[in-house]
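Student: Protein chains in written order, with numbering that gives the first Met the number 0: chain P, 0 to 306; chain L, 0 to 356; chain Y, 0 to 345.
Please note: incorrect hints may appear among the correct ones.
[Stated by the list, open to error] Here are the simulated lysine-lysine pairs, DSSO-like style, with alpha carbons at most 27 Å apart:
1. Y/241 / L/277
2. Y/241 / L/39
3. L/205 / L/39
4. Y/10 / Y/269
5. Y/138 / L/277
6. Y/241 / Y/13
7. L/205 / Y/268
8. L/277 / Y/242
9. L/277 / Y/201
10. L/205 / Y/269
11. L/277 / Y/268
12. L/277 / Y/204
13. L/277 / Y/91
14. Y/269 / L/277
For the record, the hints were derived by calculation from the structure and aren't laboratory data.
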Amino acid sequence: MGTFIVRRLLQAIPVVLGVSFAVFMMMHLLPGDPAIIMAGEAAQPAQIEQMRVNLGLNDPILTQYWRYITNAIRGDLGTSIRTDMPVRNEIFDVRFATTVQLALVATAFSMFFGLIIGIVSVVWRRSFLDILLMLIALLGLSVPNFWLGVILINFFSLQMGWLPITGWGTPAQMVMPALMLGIGGSAVIARMTRASMLEVFNQDYIRTAYAKGASERIVIFRHALRNAMIPVITVVGLQFGFLLSGAVISETIFAINGLGRLMIQSLMNRDFPTAQGAILVCSLLFVLVNMCVDITYRFVNKRIDLN
Amino acid sequence: MADLKMKGNHVLEVEDLHTSFATDRGRVDAVNGITFAIDKGGTLGIVGESGSGKSVASLSILQLLEGTTAHIRKGQIRFMGQDLLTLSRAQMRKIRGNRIAMIFQEPMTSLNPTMTIGSQIAEPIIFHQGKNRRQAWNAAVEMLELVGMPEPRKRARQYPFELSGGMRQRVMIAIALACGPDVLICDEPTTALDVTIQAQILTLVKRLQREMGTSIIMITHDLGVIAETCDFVAVMYCGKIVEYTRAFNLFTDPKHPYSKGLLESIPSHEEDSDENLKTIEGTVPSPYELPPGCAFAPRCPYAKEICHETMPELDGEPEQKVRCHIYQTTSTESPTEGGTVASYIQISDMWKGEELW
Amino acid sequence: MVGGKTLLEVKNLKQYFPIRGGILGRTINHVKAVDDISFEVHQGETVSIVGESGCGKSTAGRSILRLEKPNNGNIIFDGVDLAKLQERAMRKKRGDIQIIFQDPYASLNPRRTVYQTIKEAMDIQNVGSKADRRRDIIKILETVGLGEHQMNHYPHQFSGGQRQRIGIARALSVRPKLIICDEAVSALDVSIQAQVLNLLKKLQKEYQLTYVFISHDLGVVRHISDRIIVMYLGKIMEIADKKALFNHPGHPYTYALLSSIPSTNMLEKKERIILHGDVPSPINPPKGCPFHTRCPFAIERCMYDLPPLHEVSEGQQVACHLAEEGIVDFVSLSREQEFSLTENQE
Chain P
0 MGTFIVRRLL QAIPVVLGVS FAVFMMMHLL PGDPAIIMAG EAAQPAQIEQ
50 MRVNLGLNDP ILTQYWRYIT NAIRGDLGTS IRTDMPVRNE IFDVRFATTV
100 QLALVATAFS MFFGLIIGIV SVVWRRSFLD ILLMLIALLG LSVPNFWLGV
150 ILINFFSLQM GWLPITGWGT PAQMVMPALM LGIGGSAVIA RMTRASMLEV
200 FNQDYIRTAY AKGASERIVI FRHALRNAMI PVITVVGLQF GFLLSGAVIS
250 ETIFAINGLG RLMIQSLMNR DFPTAQGAIL VCSLLFVLVN MCVDITYRFV
300 NKRIDLN
Chain L
0 MADLKMKGNH VLEVEDLHTS FATDRGRVDA VNGITFAIDK GGTLGIVGES
50 GSGKSVASLS ILQLLEGTTA HIRKGQIRFM GQDLLTLSRA QMRKIRGNRI
100 AMIFQEPMTS LNPTMTIGSQ IAEPIIFHQG KNRRQAWNAA VEMLELVGMP
150 EPRKRARQYP FELSGGMRQR VMIAIALACG PDVLICDEPT TALDVTIQAQ
200 ILTLVKRLQR EMGTSIIMIT HDLGVIAETC DFVAVMYCGK IVEYTRAFNL
250 FTDPKHPYSK GLLESIPSHE EDSDENLKTI EGTVPSPYEL PPGCAFAPRC
300 PYAKEICHET MPELDGEPEQ KVRCHIYQTT STESPTEGGT VASYIQISDM
350 WKGEELW
Chain Y
0 MVGGKTLLEV KNLKQYFPIR GGILGRTINH VKAVDDISFE VHQGETVSIV
50 GESGCGKSTA GRSILRLEKP NNGNIIFDGV DLAKLQERAM RKKRGDIQII
100 FQDPYASLNP RRTVYQTIKE AMDIQNVGSK ADRRRDIIKI LETVGLGEHQ
150 MNHYPHQFSG GQRQRIGIAR ALSVRPKLII CDEAVSALDV SIQAQVLNLL
200 KKLQKEYQLT YVFISHDLGV VRHISDRIIV MYLGKIMEIA DKKALFNHPG
250 HPYTYALLSS IPSTNMLEKK ERIILHGDVP SPINPPKGCP FHTRCPFAIE
300 RCMYDLPPLH EVSEGQQVAC HLAEEGIVDF VSLSREQEFS LTENQE
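Go ahead and model the full structure; you've got the sequences and the hints to work with.
Tutor: Following this line, the structure appears as structure tokens:
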């Protein structure tokens, strides 16, 4: 197990390097010259050129990348063009925690409802309830989440006045963003749980459990659920990654000061260092989450040890 | 079949059991009216090829067919005199794993991969004997020792993937026998195992049967396993029992043409066989298009007109019954002189190895 | 039949599979699936390879076909060493050596008709003239007991036994000299198994085929073989003519294997050895004789000294120290040593 974790960590290194390189190149392909932005629209060509030299923009692109990545490893992600604050602080002071919180709450929400719906529809499989729940899940999967966000605001805030429209921090503020982000996930998890449970129900060891005299409840929760969770864990992990990208939309809609919003704002403002840093951190988070999923998967599914 | 009222020493009596599957192409009668009984401490073999209905019959006894399209249409399954088919789900749960237990063919997939084997054995003990987890765990370790598992304490904490196929089948046996059941149903218990391991498992089952006085139903396609373990045998073909007799009689003097053909088509490791093996011509009929008469008639070298028209009854002595028109006609012709056996010796001479070509 | 010219000679064949592990996924060990085996197969005979799962019998078959590239050794077929052949040349040779698998359904393409399947095999090996192909295929199908009307059916429209016939037809279509039957009848019901075995025997006579028959079923093996190779943990324990092997097995493992098979003979109960424990892992096989950990007759020497194959009677070679001076009577030996042979009891 220890060997596996170390190996998995080592495997992550090339992925992280690749991701950072891709992000770096993309930033360079974007229109707009950071030197002009920093020097100001009215600057003289000489000033701009001086700025270029200062920023190292005249160096070969690989040299620039190398400088960026070595600095990043030391924790220096550059300085924001707009605020003149270190990008590191821009990201980690508040926004990172907010976005991770948002993603966690949404994940918890989608797992809670996803699992319940999935299990209920398995227990009463092929019944009217099952069909109804799966229809709802399909709906939840198909509804675009930005639209859902607007509908939620309209109903809960504007019409009923129950929930605040913007901000992040209080439980009341968390409900709508988590709902909007989590509903697609819970639909996926519900369908996955159901399919996976049905598959597990066909396994020989379930028949063994019944032959022991196990009740339906024990068969479902002790024997089926744990084995059915193995593919579901993968989905949850992937879902968490999607939530990070979904955060861009939900943070914009609900005016939450998180990473997603930072990304959008800095891109709009041509604040390249900040955008680059934010995207990099998100990607790293994604890689990290996937790695955790792999490790959990391995832990739950002992059989993989064989190979 | 009226004389099949079974009394006395019988632990389990199955009478006129019908189990059917609903399929897109209509109803399939996988088990089509079978009757048998099993004595305390005795072993009944049910033998047949794929599609004979032997596995469905065994699953029907414990009503383990839920989740499939199968249902038991008719019949009685009397355990200690009580019809299991009339029990509620909760009552049936108290029977499973407690009074009647079962082991399956695939030890690789029949154990839960995410549970330690100790807790899998402890489960039925907790369900049925009201013991707490610790007591049940200790009992599980004892069971492992009983089934000949080396280092039972250590093994109890392991997961199925850490064990070989033979060891897993020992675990299955430990689970099944944990509550000291009256009846053990073994569904192809050694088919997935190597011969030397099969010999170990069969010896183990026989030893435990002697020690615990368990009655065993041995479902298998392997006539060797039947010969080694069973007192009585039911030969099944297309959902019906075609011959029910003492194991000794089946191997020394088979009556039904199908039993006979089956025995003769197995190449023996103990004696040289002829250049060509005797075969049963053709294949098992599709369950959707069973012939109107005897299901074996299309493949039977002795089939007469009546065989193609009506299904014969399972008839004969209580300890030797055959479902065959030829047998019945010869036995009515000479009912007194014990002539049934004699006429069958003639039939066995008639049986010439039918080459396919 | 036996004693014809040597068609296949396997010399010191080793087939190891690497096990990767550790942080960098290096090869940390090997599964010694086949560990230095040598044998010959003569023209027109049937040689069976028997043993329990993991003994390397299937790997040996696959190595002959070069489905795996052997780590060491020679596979001399018809005068050419297949182990040294380039992949391209080997592909041509595969027309001479065919294989029939256990699961005919898995080895047939479900989207191809019988005709297409067989035609493809013939096209690849360029057998016969294209113009005659249809006629040839019909003839082959009739040979294996299928009709022209079934030519355009798909595999799922056939029963297990019929599918195995298709597998045989496909193998036969390229006019091979050697057919490797890898558990070819193991998945079939006995009544169908007998039909297929009879077919294999008939074809052997008709086309002067040579078979390497890999099976775990000693009844089938006794029926079909001329000579038998017994394998255990990648090594050969015994090679013998059928009569010798079944009448006086020379290796304790052969004896145990034979006596483990449930017998349908109700009149005569024989004494038997029941082996204890499992087959050891082929990753770390025991030193010395691989069988010594389960052998009831093992002596000290067996633990460190690997016995070579040597002749104990005509046409019977055994790799066992006990058999150095000739065939051992295991029943009386066990009585002498006061082993309790487990009785065949009810």
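Student: Taking the numbered hints from earlier one at a time, note which ones the structure violates and give those numbers from smallest to largest.
Tutor: 2, 4 and 13
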